[in-house]
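Enquirer: Sequence:
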Amino acid sequence: MQKTFYVKALWDEEAKVFVCESDIEGLHIEAETLDEFERLIHEHARELALQNHILNQTGAANLTLADLIPGIVWQRPSEAEPLCA
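Under UniProt numbering, the letters of the sequence shown match residues 1 to 85, in that order.
You may find that some hints are simply not true.
[Said to hold, decoys possible] No more than 25 Å apart at the CA atoms, straight line, and that leaves these computed lysine to aspartate or glutamate pairs for DMTMM-like:
hint, residue 1, residue 2
1, 16, 30
2, 8, 35
3, 8, 21
4, 8, 32
5, 3, 32
6, 8, 30
Hints in this document: simulated from the structure, not taken from any laboratory.
All chains should be modelled from the sequences, with the hints used to inform the complete structure.
Expert: Next up, the structure:
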């Protein structure tokens, strides 16, 4: 069972917002700033990972507490890293 998920911010030049690239089903984030993007990750990512990847699996009732807590890896772009369109 997957317990660690990633979220990466990419710059959409046309829309002028950061959008997310993630392996969390249902996570779609757009924000004008990285701070707002990060706030939205903390608000939504863990819950969506839990609901869409862990609780919907067969046998979820037999999971331990440790199995129910997903890890989220937030990759904030560095100043030197080019932002993607």
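Enquirer: If a hint holds in the structure, say so; if it does not, say that too.
Expert: Hint check results:
Simply put, residue 16 and residue 30 have alpha-carbon atoms about 10 Å apart, close enough for the 25 Å limit, and the pair holds. A C-alpha spacing of about 13 Å is found between residue 8 and residue 35, which places the hinted pair at or below 25 Å, so the restraint holds. Of the supplied pair hints, the one linking residue 8 and residue 21 holds, its CA atoms being roughly 5 Å apart against a limit of 25 Å. Proximity of residue 8 to residue 32 is assessed by CA-CA distance (about 15 Å); at most 25 Å being required, the pair is judged to hold.
Taking the CA atoms of residue 3 and residue 32, the gap is about 29 Å. The hint is violated against a cut of 25 Å. Annotation: proposed proximity of residue 8 to residue 30 holds, straight-line Cα distance about 12 Å (limit 25 Å).
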